[in-house]
Structure formats: structure tokens, C-alpha cells
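Those protein sequence lines, which keep their order, are chains B and X. In this text, residue positions in the first sequence follow this note's numbering: the first is 198, and each later residue adds one. In this text, residue positions in the second sequence follow this note's numbering: the first is 198, and each later residue adds one.
Please note that a few of the clues may not be correct.
Said to hold, decoys possible - Listed below are the simulated SDA-like cross-link pairs for lysine to any residue, each with C-alpha atoms no more than 20 Å apart in a straight line: (1) B:Lys476 x X:His630; (2) X:Lys534 x B:His226; (3) B:Lys476 x X:Ser473; (4) X:Lys224 x X:Gly250; (5) B:Lys476 x X:Gly442.
If you are wondering where the hints come from, they were derived from the structure by calculation, not from laboratory data.
Number of protein chains: 2
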Amino acid sequence: MSKSLNIAIAGLGTVGAEVARQLTLNKEHFTRKAGQPINLVAVSARDANKERGFSMDGIEFCQNPLDLVARQDVDMVIELIGGSEGVAYDLVSSALNQGCHVVTANKALLAHHGLALAASAEDSGLALAGEASVAGGIPVIKMLKESLAGNHLTRITGILNGTCNYILSVMQHENREFEDVLAEAQALGYAEADPSFDIDGVDAAHKLAILSSIGFGYAPAIDEVSITGIRQITLTDMKNALHLGCTIRLLGEVERNSDGQVAAMVRPVLLPLDNSLAKIDGPLNAVAFTGEPIGAVTAIGPGAGAGATASAVLADVIDIAQGRISPFFGEPASMLKPAQGQAQNNRAERHFIRLQVYDRPGVLADVTAILRQHDISVESINQPSRSEDGIHGDVPIIMTTHETVASELFAAMAEIADLSTVLAEPVVLSIGHD
Amino acid sequence: MSKSLNIAIAGLGTVGAEVARQLTLNKEHFTRKAGQPINLVAVSARDANKERGFSMDGIEFCQNPLDLVARQDVDMVIELIGGSEGVAYDLVSSALNQGCHVVTANKALLAHHGLALAASAEDSGLALAGEASVAGGIPVIKMLKESLAGNHLTRITGILNGTCNYILSVMQHENREFEDVLAEAQALGYAEADPSFDIDGVDAAHKLAILSSIGFGYAPAIDEVSITGIRQITLTDMKNALHLGCTIRLLGEVERNSDGQVAAMVRPVLLPLDNSLAKIDGPLNAVAFTGEPIGAVTAIGPGAGAGATASAVLADVIDIAQGRISPFFGEPASMLKPAQGQAQNNRAERHFIRLQVYDRPGVLADVTAILRQHDISVESINQPSRSEDGIHGDVPIIMTTHETVASELFAAMAEIADLSTVLAEPVVLSIGHD
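Chain B extracted, bound-state conformation (with noise of 0.2 Å):
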């Protein structure tokens, strides 16, 4: 082991910032913690000459993140760019083919090139860390990786995007419409001023495969993953979900599907209130993790934020510094099983459907003679009152199913949109368990 570990950063927004400074400002701290000192010697941002709250003495700026790596003393770089492909992903495969430990917060770099990554860095004898890519603060990526690693995994589920967490459940708890609340989580700065990357479940949707690949071995693909996100939940449905004694969230969840194959679902789903998901309020994360011989383990924390990421970022630091390299998936690269293309969920579950359907009689005759035709067996049938909405001729039919195969409610859905009294793609959630 060298003397000390010199650390470039690249990317110094408020988590490069922070961890910058609990690095600068707690150098003894870290001294003991990782059995040797830790030097911050270069970092790279946009700015120059901005305030961020430590000492630039004795840390080289570099306009160009990719001359951190050209510096001959960096041991470690930490990636805190962002992105899938460009900078980011040049400054890490740089990195590794310099010699350099790399660790990084983007989920879209992981899961995008996670494979190919991890197996350079496997090859250099480097570590390639990324705790800090899914939820935030949670150390789930090594409770995953080396806690339950004695464990067959069954399932996985989270919440693993704040933003939609935060909107659902102010949602739920103030009754409010779901634009109402988006254009106030985008004041808070919960959500970006292009939210779809977090509503429409594309954030949750990386995470999730890197969280599968380590579970279940398989090689990470972001295409595996069926996504819908948000967009679609009214107040309406959260009402009529509060009124089934469930909740809405979005989860990630992965299991093993009847067919031995890997299904990875990232949706919007009816949650019992007294399930330990269900109260899971505001920008947290929590991920619940199912196994033998284990049962089941659950962590909740903050899934963002600077200090969250940033206690995330210095843990792999840490375990760098000390010696406790391990491969990114758990396993090496080279053993994980290809990508298996994307697996149906064929799981039976309940079902909620929201129709929004022409106020005319006969409605409902054609809407239930379609799900007959497909075996669908339904639990309950609510027309709220006509005059709700105040717009004559426009009214939601909220059903719940017993227990279904998605792929036959999805194909009795597909012949209910096409019918001419239906006015818009139905809404279809399922209904969650334990």
C-alpha cells in the first residue's frame, strides 16, 4: 500500500463540493478511517472561481476533466459528471487504462457500460465503486454485494426515485393534482426543469438494473427493464386507491419470474397502507431485499442530496484505501450471465384500472363483455358520481380485478381502448403484496 491515496474529483456540484470538503476539512478523520492519508491533489469543474465552501490550497484546477488522469500521482479518481456516454464516460475508461480506482455516482454511466467497465477495471486489479449510483446515502449496493451474499436472492423492490416519491405523496397526504405538485417539487429543486427523467421512470430504471445485475448475476441491461413511470396518476386514482386502503408509489422490483427468467419492473403500483413501502413519505428511498435464507431486510434513507451522496462517495473511498476491492457486480465481469432480454412479469396479481369513458349507457356492458372474453374476473366496479368533474360526458369507471396474468389484462386493455367510447389509454396498476 502507498504511503497515502491522492484523489482527483471531476465535477464539483454540490455533491463533488461536499465530499471535497469533508475530505479537505476532516484530513485526520479520514487518516484513520482509511489506515492512510488522503490527499485531494486536482479537481475539474465548469468554474473556476466559484465559493465552494473549502480550500483550493494546494489542489490543482483543471479545466478538462481528462487532465486529471494525465496528472502521473492520481490513485483514484472520482466521477461526478454525470451521463451515460461523453466526458463521463471517457474520464472513467481513461482512468482505468491509466491505473486509476475509480468511483462514481452515475447510474447511467453503470448501467449503461457497467459490464465493460467493470471487467477493465477487473483486468487492471482496479476498483471500479459506485454505492453512491443507487439510492443515494443507502448502502444498498454493498449490503447487496457482500451482506447477503451467503443469500439466494428472491426479490428485490424500492423506491428509488425521490422526486416521484415526493410528488406521490404529497399527493396522497395534501390532495393535491399531480402537475400542482411537480411545478412545486421543480421550485424546491426536487425536480428538474425537465422532469421526465425521473417521472417517467428512467432514473429508477438504471438503478434498478444495476441492483438486478448484482442480485441475480446477470449482465446489466437497462432494456430489460419494462418501464412506465407517473405521468398518467391523477388525484382521482390516488383518491380511489386511499379508498381501497392503498397508496400509490412508484417502485423498481425485480424477481424471478415463473419461468426461471429475471422480470425487472419499474411502475407505478397500489400499495396497502401498512406496508413498509406504503409509508415511506417525501424524497426518501427504501429498498427491500427477499432472500434465503435471510427472509427479508428493508433500508430506508435519503436516496439524494449532497450529504447523502456524499457519505456514499467517501465510503468507497474508504474501502478503496483500506484494500477491500471487490468487483463492481459481486462477481467478476467475465462470470455474470448475458443479458437475457426483457422477461414478463407473469406473476397473478390484482389489478386497478381507471377507464375514462363517454357517459352514455351501454358503456360498461361492452367494457365487461371484453374482460369476460379474456377470463378477467373483477372485484369491484365504482362510477363516481356523474357531475364530479363538472364535464358532462367524461367520466372515470374505476375497477379492481382478482388476481390476473398482466399480459392478459394488457391484451383485454389494448380492445377496451380501441372501443369508441373510451376516451383515453387506460390507467393500470397493479396491486402490490409482500
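Here the structure of chain B is known, so what remains is to put chain X in place on it, guided by the hints.
Then chain X, alone, in the frame of chain B:
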């Protein structure tokens, strides 16, 4: 690294048998996760002939656990005998002296002798690992030692004893008396025939002493922990707690007090029902870590049981096989600060008080006069109906105080307990906050 790792297990109760079962039935899984074959070569137990769900083919049975270490080919001993002294201590000491790694689930041993054993392991470059010793399947030791290593911890709070949590949550939800639920817990196997180790808080104190050392960098000392168990908690207390919007849970808590000392306490606490730990029901464990920069992170899971405990033991085995060895307390034993002695909790808290008094005029005047002398501000006083218990002359008085330092309150309580009209030791519980 050797080409395979030879393991011996001492103690084949439910946990030991499950570990042996996993290692022998899922050999290929463990070879992959550990990077080398894990061979179970010897076991020790009281009864050689009991059927335990795994094949003894190729496994030596030793009557005397110390014979496991006498074998020259054993690389690691898993100690599942229990107890802080005697055979468990002798086995672990001699294993470390003979160059064997040690994995143990023995919280009493680690709380009492962890410092010396860790020093011995570190001097020899061996692992002493004990994830299973605290909170069963929840990887709290790894979280604290590795995942939160970049943080300054300020507080650890946990439900660390499943037996107590089971009893209290059944009292809460089923409206039953302590003795009744304890008897049921004993029948179900959740509580021992002699339950004192659990219900008097000693088991939780062992676990808290370990967490406290890792989190705050002091040598472990069980006598630093102030311990109050749950024997004195009645259904009346639980009902009154619920009336105040709280439940009662046995918590282990450690935090830095305002004198800079680390105060560790095991005690029943009133927790607001919306507190995350108040929602933990049944025999589960949960631990919440608070620090900077992370904020807070909580893990919930099975705190006992064969599968959960085996999961933690197996994670330690894989870590050691992979060379991920670190000092048991996170920092070398030689660097821990000496045990400081028991520190007072000098945080001002609201308190719940139950007095059993003779139902006589003037009692309340005597009590409140003493409280006034100690400058303790009463928030509420409640005298439930005189006939409630059917025993004329013996009634409870329930009080809550505004924020008061415990030492002040206990001084007042000592005087109140001396009043001739006060029939039993006052029950004083702090009212928890987030």
C-alpha cells in the same frame, strides 16, 4: 490466498445447523461468491447423532470444541456456542493464537472481551468478524464500520431485542398484560424459560456496547451502558402511552451528550406513533444511524432466527475468503479511546411518570410540591377512574413533564418514592423524539 478455505463450526443449534446446511448444499454458490471453495471440515456439538438437515460425509465430529483448533488444516472457526466466558472464550482465544480467522455471533463475548480479542486478531493479521452478534440478519456492523465510515456519527438508536419488541407490540395491539404476553412468547419460543437476559435489557446492552464502540471509537464496556428493562411496564402504561399518541418500545440509544461524553442507554421509551421505530412490530429489529454528512439511515429486519443469523455469519465468511478483512471495531483496537465510564444522559426530554398511590386526599399535593422544589414543570396529570382496577385504595397517577434532564427527575422521584402514600417504585419513561 490458499486454494480453498477450511472451516470448522462450534455449536450446532439452529444457527450452526443452518450455516452448515447452506455451506454444504450450496457449495457452488459459495465458491463463486468467495472466489474459492469453502470446505466445512469439522463441527462440534453436544449430540453427535442428532439429525440436522445436512450430511456429515467428510466432516469430522469433535466432542470437544477445542479439538477443532487442534486440527492443522482449519483456516477459520465459526463460534456459535455463546456466553462471555468458558468454552466460547477459550475457543476464540485459542483459534486466534493458532492462526485461525474467527467468525462469531456472540455479543456477550464481544462486549466483554472484544477489545483483547480484536487486538489479538490484528496482531496476527487475522479476522475477527461478528456481524451476526448485533441485530441478526441486518448488516448493522458493516453499515456502521464501512458504509458510514466517512461520517461523524452523532446518534445510534435501535430496537435491538426482538423478544422485548414482540412483547411490547403485542401489549399495544392486543391490549394484553405483560405477564400474559411473556408467557405466550415463552410458549412460542420467542422468549427463554428464564427471560431475564432479554427483558431486563442485558442482551440489548451487549449489542449497544458493540455498536457504540464501533460508532464512537471507545473501547467496549458493558458497564458504560445504563440499563432499564421492561418488567415494570404494565398495560396501564401502554394504554396511557397510546392515549398520548405514543407507543412504548425498548430502545438502545447512544449519543454524545452535551459534556462531549458518549451516553449509552437501554431503556423503554415512549415513541410517537409516527416515529419510524414505533412502527416496528413483532420480533423485528431496527437500527437508525444519524450523522454528518449523511443525515439518517435506518435498517429493518429479522434480529434473530436461524436463517437471518446464518446470513450474517455467511457474509463474514465470504468477506474473509475474499480478503476483505478489517479491524473488528473499524479502527485498530490499539487506537480506540479507553472506556470512559458510564455517562449521564443530560439531554432535556419530556417524561412519562406512573405512580401507584393510596387513593387518599392530599397525595397529589405532596407529589407536585416535590416536583416544584426540583423545578420540574408538569405538562399533564391524569388519575384514571378509581374503580378501574377494582381495588379500592391503590390507584395510578399518570403524569407527563415538560423537558427535564433525567438526573433532576430521578432526584425528585427518589423523594416521591419515600412518601408513605406512594406504594411502588415510580415508573419513569422518557418520551422519544426523532
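Hint check results:
1. Restraint check for Lys476 of chain B and His630 of chain X: the C-alpha separation of about 18 Å stays at or below 20 Å, so the hint holds.
2. Restraint check for Lys534 of chain X and His226 of chain B: the C-alpha separation of about 14 Å stays at or below 20 Å, so the hint holds.
3. A hinted pair counts as satisfied when its Cα atoms are at most 20 Å apart, and Lys476 of chain B with Ser473 of chain X qualifies at roughly 9 Å.
4. Distance hint between Lys224 of chain X and Gly250 of chain X is fulfilled; the C-alpha atoms sit about 15 Å from each other, no more than 20 Å.
5. With a CA separation close to 18 Å, the supplied pair Lys476 of chain B and Gly442 of chain X stays within the 20 Å bound.
In the structure shown, no violation is registered for any of the earlier numbered hints.
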